[in-house]
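J.: Single-letter residue listing:
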Amino acid sequence: MLLHLLVLAPFVSALLMLASSGFDSKSTARLAIFFGILISALSVLSIVLGSQSTEAIEWFRLPGTSVPIFYSLASHGINSWLVFISSFVSLVALIAAKDSFGLHYKNFSMGIFALMGAMNGSFLATDAVLFFFFFEAMVLPAALLIAAYGGADRKRAAMDFAIYTLVGSAPMLLALWYMLSLSSGASVIELALVAQNLPSSTKTLLGFSFMLAFLVKTPLFPFHGWQAKAYAEAPSPLSAVLTGAMSKVGVFGFIYWLLPVFDLSASIQNKVLFLSLFTALYGALVAMRESDAKKLLAFSSMSHLGLVVAVVFTGSTTMLSTVLILMVAHALSSSALFVLTGVAERFSGSRKLQEMGGYASKNGVFGFLFVFAGVASLAVPGTIGFVGELMALISFWEFWPTLVLVVGLCMIFSVVYTLRFVQAVVFGPLKKSKTPCQRLSVSDALAVGSLLLLIILWGLQPNWISKSLQNPVEITTQNSLQELESEEAVLAEPIQVEVSQDAF
Amino acid sequence: MIPLWLIPLFPLLGAIILGIISLASSDSQKGAPEFLLGFIGLLFPLLSFMAVLSLSFGGANTPIQETLGTWIDISFLQIQFGFLFDSLSKMMLLFVTGIGSLITWYSIGYMKHDRGFARFFAYMNFFLFSMIILVLADSLPLTFLGWEGVGLCSYLLIGFWHKDSQNAIAGNKAFIVNRVGDIGFLIAMLVLLSVGGSAFLSYEGLNAGLAGLSQAELVKIIPALALAAFFFFFGCTGKSAQIPLLTWLPDAMAGPTPVSALIHAATMVTSGVYLLARLSNLFVLVPSVLSIVLWIGLLTAFWAAVAGLFQNDIKKVLAYSTISQLGFMFMAAGVAAFDVAIFHVFTHAFFKAALFLGAGAVIHSLSGEQDMRKMGGLIQKMPITAIVMLFGFFAIIGFPGFAGFWSKDLILEKLFEFGAMGPYLYAFALLTAVLTAVYMGRLIIMTFFGSYRGSLEKSESIHDPSFSMLVPMLILTIGSAFAGYLWATLIPGANWFEQTLAPVLSSAQNHIHVQSVIHLSPLVFALVGTVAAFFGLFLAWFIFNRPVPLSKDSSDPKGFGASWTFLWDTIHQWTSVFLVKMASWFMSVVVNHFVLFVQWLLVGIVEILSDGARAIQVRKVRLQMGLSFVGILFVILIVYVYGGAV
Amino acid sequence: MELHASYIQILALALFAIGIAVALTRRNVFFVLMGVELSLNAVNLSFIGFAKTLAFEASIAGQIVPLFTIAIAAAEACVGLAMIILIFRSQDSMDIDNYSNMKG
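Residue numbers (our numbering), protein chains in the order written: chain A, 1 to 504; chain B, 505 to 1150; chain C, 1151 to 1254.
Heads up, some of the hints might be wrong.
[Unchecked claim] Partner residues are not named here, just some residues of chain C that face chain B (Cβ under 8 Å, in silico):
no., residue
1, 1170
2, 1173
3, 1242
4, 1246
5, 1249
[Claimed, not checked] Computed list of lysine-lysine pairs in DSS-like fashion (alpha-carbon distance at most 27 Å, straight line):
no., chain 1, residue 1, chain 2, residue 2
6, A, 432, B, 667
7, B, 1056, B, 885
8, B, 667, A, 362
9, B, 534, A, 362
10, A, 203, A, 295
11, B, 667, B, 534
12, A, 432, A, 295
13, B, 667, A, 295
14, B, 1085, A, 352
15, B, 667, B, 878
16, B, 616, A, 362
17, A, 352, A, 362
18, B, 667, A, 431
19, A, 295, B, 1085
20, A, 431, B, 1056
21, B, 1124, B, 885
22, B, 667, A, 352
23, A, 432, B, 534
24, A, 155, A, 352
[To be verified] One side of the interface only, derived from the structure: several residues of chain B facing chain C at Cβ under 7 Å:
no., residue
25, 1125
26, 1126
27, 1130
It should be emphasised that the hints constitute simulated quantities derived from the structure, not laboratory data.
None of the values given here were measured: they were computed from a predicted structure.
Every residue, glycine too, gets a C-beta built ideally from N, C-alpha and C.
My request is simple: use the sequences and hints to build the entire structure.
T.: Set out below in structure tokens:
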């Protein structure tokens, strides 16, 4: 029931927002934030309650296959955390947008709720087609919001975003369809069974089709063409959701829908690992030169997520907890930075770093939060980012010690661009501003402050996150394969699906 | 018994309270009353100093270990929040909290009427918190927490006056260079983790683990240990401004002077030495790394001493002298005389803090002038400050009886006794000691002697600082005169310092036993050291006691001085900064544009194709309708012909 | 005279052909619409014809489908007329050949 609520409540909230007043943006905002808090509370509850799943409801049958598509959801540790992230970051976005959207707030909040529902759905879905449905459904509200409320070049950015992600996931649809025509069900285990019996060349092809969708969504080099523009043109609260929560769907796809289904050969895995590491370096290097504040953040996001995906492919024993902690860390710090950059953009009337500066001397709270958020993204010990990067370093060390140097280089680069960014925005002489840089509204400060508080809290007690992965099964290809072989006999009966779901 | 966690808790509370006050008053014009803020800012460091005092002298002399709870517990990685109060951390804590409190006291006067008063004391308190964590931690990751925490505070305080972008950029540089070293620290922890698991990350576990290994087992892991030790030392070069990561410290002088005194002279920069002493049991197993430490220390000390000669900025001279003195400490650590290194850390904290506070008083009364060419003759106008700085000066050059004399002498002695190479090392270090006397003499002469060369209208207002600033200065002066008697080699029985540290460090120091080639009495070393100090002093007097040409240009050194001073900056520029910039340019200009070009190309092809397809489209509604009708007929025809079984 | 099944179908075909011809040849948009309606009704007629002549089990569909078609045709006529009126307002013309301003 809780899981149904987590997916459906955002959509219902979106509908209810439709009924709210379009002219009283304050009460609209109050309503939206109330819903957001409610859904976030539900997501916390789902973390506390641990793994659970819903009854499978038959949805429809794909033509050409004999497989029923189920509407079924399950939570298994890692995804309940991701649901929390998506709900909470959306809540922060709703709060942060309160002052800047005016009469458009109603439509904006509807879009955010729809996006939130789609993200929650794709995290919780146990059925591949259901996952794909939500995976695609995310694009629509996001692209619409960019196109409607973005910057000067918003139409182009929205088109790029939509086309890139839709085209990127089209091969996945075909691959999925093909596999379903051979399969007895659409869950991970059944798909893996199908993949196991395919010739290796076909399997690799299908695997790449799946991978492409996630590579574009995350995004990794060279599929990042949409990202900088979309993040930059999107209104800042939306950018916070895009980078904080939506990019995690790509990583989640790698973990949950790619690795367990296809036992990709070690050489392919290594190639993806190096591609991700290259992405991490590439993003950091480009961010160093970027003069557009939000593009800089976009590339920094790309760099961090490259590292996360690289950890996924190290196949280390602590991969799941490491990746989860890294994702939580990145979600919190990057969305805080995006929200604050949005405020700075409001001050200066431009996204250019040259036209920002000196806000710390005029607006102490803003300066404090900005420096804090910047430093928190640098994996300083005491923040959750440190725990994540330490674990990541250990994973790389197990994989191949030399890689640690590359990761170290990334960490140094991230200091370089982040400090340059912080210095350009809040330090130096006060630049002429478009709107007077008034004090941060209490709600904004609270929203960002709560993000930062969580960064510290979990930085000191990361166990709260890692412990909730109750039985961290290593999703290495080897293990999933062995698991499959042992369960192959009993898998003919559909009831087994649920049992094996709990393993993840 | 006072629980250990109270010691860091006090400054943390102070930081939080002051931080909240600072944020809450950030919109008001005037801010909270400075008296109250100063009181809070001083109270918490003092409280933690009291706690350290009562723990050090009140309780039993056994190490106290305290575990607060779990930090990280993820499969094999288990890290606790734990504190260890043994004689080494006791020694460090005593002067960190003590000198920290003194300098905080001094800052109340120094920072008066600054709009960021509350913010400054919040940072100072947070710095003390981090430094205490660094020293008190019982495991490497927790030390690393403090290690990065002090780096962060250093960044914030260097850029304290952030309206000037230059200050903020200097802060960035400090953070970035430190971060490079910190990666070394992280990697070293990884190596230890892979050698001995989580146990090796706590100091007790590491010592016990290393001691428990048999000779054969030890030989097997020596390469890994050497790697770990090397990377730890690399981390230390960042934090303690040694070759090659020393460029940030002179730039760090952009911060307020009390900050330079506390963070960039007395405490934070010595944490590298502390770490070496803490890990002494690891380092003595790998003599090759220790010899790297020794040589880096020697070279750094010499290089910085020469660079000190070229500086015109009074704080820059002190900065280079700090680097040079840190080099001396690393020399001592390099010959496995860790207790001597810590002793020099201890005495250096007093006299360098006194020098910096004196310099701060000079700068303060000259309304911010830092160029020594525009000073001179100040001994008549600010006699007390002059006395403070002279005491510090005598201590640093090793004038007989002063603090630096005893500690530097011990270092030189240990160097001499270090095997066959010892006498050469000794000679090199002695040369550096002479240079120290020369550049410090230059500073004193240019600042306090001769005639005043600054702008005249300031001349009347030059005076000694207020009482609240003077008291801490005088206490430090007493320290720089007498701190050395805690371990005076010439006086029998005056070796309290050595005895205190022995439980922690002796096992490591006895491990390496290099027979000295020539035996000399301590008196000889004292004599030679004294001669060196006097020689340097006279040299300085002869060279620099002459009128200084007036100049209006910047205080940066020029010509050869510049190329020597900025040697490491230049090396960094060409070996790393330039490469990174090139890579960054290549990625963002070439690769990124290439990716965008490919994207554009694909879109272009699709658009061309769609244009082609559009040409087929007819624009007559009726014709379209007719064609669709024909199409339907066509479909029907096919179904008819093939019987629907396509 | 008995009503032969094929007569109805022939009539339906004729009506359908007329309807299509009208839709394709006339330029006045109302006539085009009427032509479309005529062909729709021709199809209905064809259904009913089959319902009359085929066996009982199959004939039900033949009676039900026209009902649907009629309903949909009514709605379609409404929408179509409304659209024509709107287009007429903006174009000032009844000539369907003028209505090809869509891009492409």
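J.: Work down the list of hints and note, for each, if the structure agrees.
T.: These are the hints, each one checked on the structure:
Hint status for residue 1170 of chain C relative to chain B: holds, with the closest Cβ pair at about 6 Å, below 8 Å. Taken as an interface hint, residue 1173 of chain C checks out: its beta carbon lies about 6 Å from the nearest beta carbon of chain B, inside 8 Å. A least Cβ separation of about 17 Å between residue 1242 of chain C and chain B goes past the 8 Å threshold, and the interface hint is therefore violated. Hint status for residue 1246 of chain C: holds, given a least beta-carbon distance of 5 Å to chain B, under 8 Å.
Checking residue 1249 of chain C against chain B: minimum C-beta separation of about 6 Å stays under 8 Å; hint holds. In summary, the hint linking residue 432 of chain A to residue 667 of chain B is supported, as the alpha carbons are separated by about 14 Å, within the 27 Å threshold. For the given pair, residue 1056 of chain B sits about 23 Å from residue 885 of chain B by alpha-carbon distance, which is consistent with the 27 Å threshold. With a CA separation close to 10 Å, the supplied pair residue 667 of chain B and residue 362 of chain A stays within the 27 Å bound.
For the proposed pair residue 534 of chain B and residue 362 of chain A, the alpha carbon gap of about 13 Å is at most 27 Å, so the pair holds. Using a Cα cut-off of 27 Å, the hinted pair residue 203 of chain A and residue 295 of chain A is violated, with the two alpha carbons roughly 37 Å apart. A C-alpha spacing of about 18 Å is found between residue 667 of chain B and residue 534 of chain B, which places the hinted pair at or below 27 Å, so the restraint holds. As the CA atoms of residue 432 of chain A and residue 295 of chain A are separated by approximately 22 Å, the hinted pair is consistent with the 27 Å bound.
For the hint linking residue 667 of chain B to residue 295 of chain A, the alpha-carbon distance of about 25 Å falls within 27 Å, and the restraint holds. At roughly 20 Å between alpha-carbon atoms, residue 1085 of chain B and residue 352 of chain A fall within 27 Å of each other, so this suggested pair holds. A hinted pair counts as satisfied when its Cα atoms are at most 27 Å apart, and residue 667 of chain B with residue 878 of chain B qualifies at roughly 25 Å. With a C-alpha separation of about 20 Å, the suggested pair residue 616 of chain B and residue 362 of chain A falls inside the 27 Å cut-off, and the hint holds.
Between residue 352 of chain A and residue 362 of chain A the CA atoms are separated by roughly 19 Å; this keeps the pair inside 27 Å, and the hint holds. Among the hinted pairs, residue 667 of chain B with residue 431 of chain A is consistent with the structure: their alpha-carbon atoms are about 11 Å apart, no more than 27 Å. For the suggested pair residue 295 of chain A and residue 1085 of chain B, the alpha carbons sit about 18 Å apart, so the restraint of at most 27 Å is met. Taking the CA atoms of residue 431 of chain A and residue 1056 of chain B, the gap is near 30 Å; set against the 27 Å cutoff, the hint is violated.
With a C-alpha separation of about 100 Å, the suggested pair residue 1124 of chain B and residue 885 of chain B falls outside the 27 Å cut-off, and the hint is violated. As the CA atoms of residue 667 of chain B and residue 352 of chain A are separated by approximately 19 Å, the hinted pair is consistent with the 27 Å bound. Only pairs whose Cα atoms come within 27 Å are accepted, and residue 432 of chain A paired with residue 534 of chain B is accepted, the gap being roughly 23 Å. Distance hint between residue 155 of chain A and residue 352 of chain A is fulfilled; the C-alpha atoms sit about 20 Å from each other, no more than 27 Å.
About 5 Å separates the beta-carbon of residue 1125 of chain B from the nearest beta-carbon of chain C, less than 7 Å, and the hint is met. The beta carbon of residue 1126 of chain B is positioned within 7 Å of a beta carbon in chain C (closest approach about 6 Å), and the interface hint is therefore held. Taking 7 Å as the C-beta contact cut-off toward chain C, the hint placing residue 1130 of chain B at the interface holds, the least distance being around 5 Å.
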